[in-house]
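So the sequence lines, in the order shown, correspond to chains A and B. Residues 66 to 637 in the working numbering are what the first sequence lists, from first letter to last. Residues 135 to 477 in the working numbering are what the second sequence lists, from first letter to last.
Worth flagging that the hints you see were computed from the coordinates, not collected in a lab. In this text the structure is predicted, and so the values were computed from the model without any measurement. Cβ atoms here follow ideal geometry from the backbone N, Cα and C, with glycine treated the same way. Each hint should be verified, as a subset may be incorrect.
[To be verified] Cross-link-like lysine-lysine pairs, in silico, DSBU-like; alpha carbons within 30 Å at most: (1) B:K171 with A:K599; (2) B:K285 with B:K171; (3) A:K262 with A:K292; (4) A:K599 with A:K292; (5) B:K358 with B:K285; (6) B:K358 with A:K262.
[Stated by the list, open to error] A few chain A residues that face chain B, going by a derived Cβ cut-off under 8 Å, partial list only: (7) T104; (8) G123; (9) F126; (10) P194; (11) R203; (12) F335; (13) Q339; (14) S341; (15) Q345; (16) E363; (17) V367; (18) N371; (19) V384; (20) N497; (21) A541.
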Amino acid sequence: MKQDAAEGTEGRAATARADVVLPSLGFFGTLRWAWTQLTSMRTALFLLLLLAVAAVPGSLFPQRPANPAVVTQYIQDNPDTGPVLDWFQLFDVYSSVWFSAIYLLLFISLIGCVVPRARAHFRAVRSTPPRTPKRLSRLPVHGTLEVPAERARAAGLTPSGAAEQAAVLLKKRGYRVDVRDAATDRPSVGAERGLAKELGNLVFHTSLIGVLVSVAIGGLFGYNGQKVVVEGDSFVNTLIGYDSFNPGSNFSANRLEPYSITLDSFDVRFDREQTSHYGQPLDFTANITTQDGPGAAEEQQVLKVNAPVTIGGTNVYLVGNGYAPMVTVRDGEGNIASEGPVVSVPSDGLYTSLIVIKAPDAKPDQLGFVGFFLPTAFVDDEGVSFSRDPDPFNPQLNLNSYYGDLGLDDGTPENVYVLDTESLTELNSRNNDDGGIVLGVGETYDLPEGKGSVTFDGLRRYVALDIHHDPGEVGALVFSTSALLGLTASLFIGRRRLWVRTGEHPDGRILVEYGLLARGEDHRLSGEGEAVEKLLADHWLVPSGTAGENSVQETVPTAAGTGDSRTMTKDN
Amino acid sequence: MPQPVNAELGQISELFMLLASIAYVVALIFFVLDLVKSSTTIGTLESGLASGKAAPERSLAGVGGRGGTAESVPSSMPATADDSMDYGAGPRRGAARIAVALTVVAAIIHGSAVVTRGIAAHRVPWGNMYEFCTTGAFLVAAIFLITLTRKDLRFVGSFVLGLVVVMLCAATVGFPTPVARLIPALQSYWLIVHVSIAVASSALFTITFAMSVLQLLQTSREAKLLAGRTDTARFLRLVPSALSLENLSYRLNAIAFVGWTFTLMAGAIWAEQAWGRYWGWDTKEVWTFVIWTVYAGYLHARATRGWTGTRAAWLSIVGYLCIVFNFTIVNIYFSGLHSYSGV
Ligand code: HEM
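Given the sequences, and given the hints that come with them, work out the whole structure.
If you want it as structure tokens, here you go:
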């Protein structure tokens, strides 16, 4: 598109230079030309389809905002293609230069489209319906009626009176009406309806801009963070309270309201009835106590999946859960080096969970453990332990132990769920003489070489919370709702123009002629024609049913030849 | 406390599903028979015409309906349904009538299967792939039948029923799932709203997809005839003109597009409740967006010079292919927050 534009202008400029008589497009001319191109329907269509295509790669490649670790892994696994893909921002599709360029151009085009249309619509709303065409029988839907002379005389009906009455009827039907030439012998009514179609279209397109702006506001001023809370523990909404935190680009920490949430208990229910879905989760319920800031009253609340709790301008979501075994580690000197719940990470539906325990305070050597937590441990034929149920019927820890420098002291941030065992010395593992550590609840294992001991004291559950603040959310909802309403109006309202012209035959009959024209697609136009004819016919008690789509020649005689007798039959 | 599922009723539902499939297949056979029969009728008439020479063209045009092939198409093209697709005064089509009757029977059995499934599970029957497919197929059949009460679309009957049968086979062979309760992530009113509208819109898109394919075939045939070449695809004489197919599928697409817009919005609201953000470019969200954009493109194309007709039809087809892709490949192979849909 752009290239076309450039070529076009160059071509024109060259012509201008060659032939001085031709006015050059000039800088503003070029701008104007580019603007016309950008706001053309064809460009809008092209950009829309381009946007659809551009969105696809985001579903094919892992995306940084959602899965940063997966992206890193992907680049490591594909050292040849990974960096190239990264250069093309294929791991950040929705914030990439090219994706942004497409939607920004689309929205500029949109504004360029909406503004002139809104102006035109404003003018259309304030002006009277367009003037009556000379020959109504040329319109796609048209027909005639006539009021017999006796009836017209009895009712004192004149052509202008008939036009006035038609105008009143049409107005009731939702038309804007305008009676013209009332003083002449050929008065007519111009009527129009369905201006809301165009209004709907404008509302729809404008609302899209509103949605985009709302999304941007959310991105600028919002934030979200994650926090794991073990039963009995609390979370306080401050920056250091979070495990991870993603601020919007204009975030400032003093926006956080220091409320607190305590997890009193977490109830889980699994399916126990059905063999096919045995052990599938049925219900997760977190019972929490919230406090709207220090000193505020405490409140008991229930937090469930699909039912967030709103507090302090944020929404708190239950997004995950698992087990936190209580573990006490004693060091070689007999002192407690670490104690308390350790969060394990479930890796399947049976809660086979990875666990890492670090005891940097252990002396003389720091101690580390890596292994599995199994809620219901079983041993298979090959001697491998696995979990058979998500509920803790036979909780068991399977650990390897290490000693040495855990590498925590140099201050670099460490993932608490990973233990780098490369620089450590192995104490226990399935593969060495001392074997792995297997612990049931209440059991203690003494480490080899007098390095200390580890005790499995008990079990707690934990919940993973997502905490979000999005100031654009309400706007996005409001604008997308108005977009939906506008769209519906735009697609299903018919915009129609209708004219009625009346006249008097020398023998006293009042002739009424009408015609309809649709703007845009309107498959119900002929139905509307029939309805309007019936409306008028019923009003003057004459037979209807003469509407035609360019078939007036055949139907008119029937109507015109209608005598009183027939009218009466019909009315009876 | 939710009640336990009723496995016995679930099995009855599966039996109904099987019976419905069989009835659909028989109906499908009758729809095909109708096409074959009608085109032989035309063939005979035509050869009779060739020998009778000066027979007026009009009578032929009247074979199917009121012979309204007005748009730039030679009037010697009969159509089973005329271009208004209203029921006309054409000859009785016995096979088509049987086919429709069988479809009604099949849809009733199918509907009972869907309802019993829901009762067995004590929830709406759209919580996993099996249920999306079976409920979706039911809606395709139901919407087709509802449209039939207003417009004579029997000419797409074999196409639509073919898709219904494919969907039912995919459900029973590809994603068999016994009745079960919903996992917590799916326990939401938004499941009812979001998925039902999504399935209904997809069902409408299915019908317009069939019409767009026919439209393309018809367009190329019309071009051939105008160029004076012989007509090879005889069955297309039973189908209305390309222009009327385009107009009707536009109307249905417009309804489906509003539905899809609502699906997208309801999905965003649900995502906000479940995951804390209304939009996160999850795989499923990406494809819902792509589909929405393609159909928005379709609506624009209908208002853009040079893009109506064939190009618009292609966009409608591409949009539908995206829907199929979103429903099959994305649900099964792509990981994402939505991948709990029970495959
Ligand atoms: C964000 C991008 C856009 C989207 C998602 C979009 C979507 C739509 C949709 C769904 C319709 C059909 C419903 C209706 O008639 O209101 C429509 C119609 C229309 N759009 Fe857009 N649009 C976009 C941008 C634009 C732009 C940039 C233009 C101007 C060049 C434009 C001009 C129109 C016009 C003129 C119609 C009316 C078509 C008719 O008369 O049927 N749109 N748009």
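For a quick check of understanding: which of the numbered hints are violated here, in increasing order? Violated hints (numbers, rising): 1, 3, 4, 6, 7, 9, 10, 11, 12, 16, 17 and 20; every other hint is consistent with the structure.
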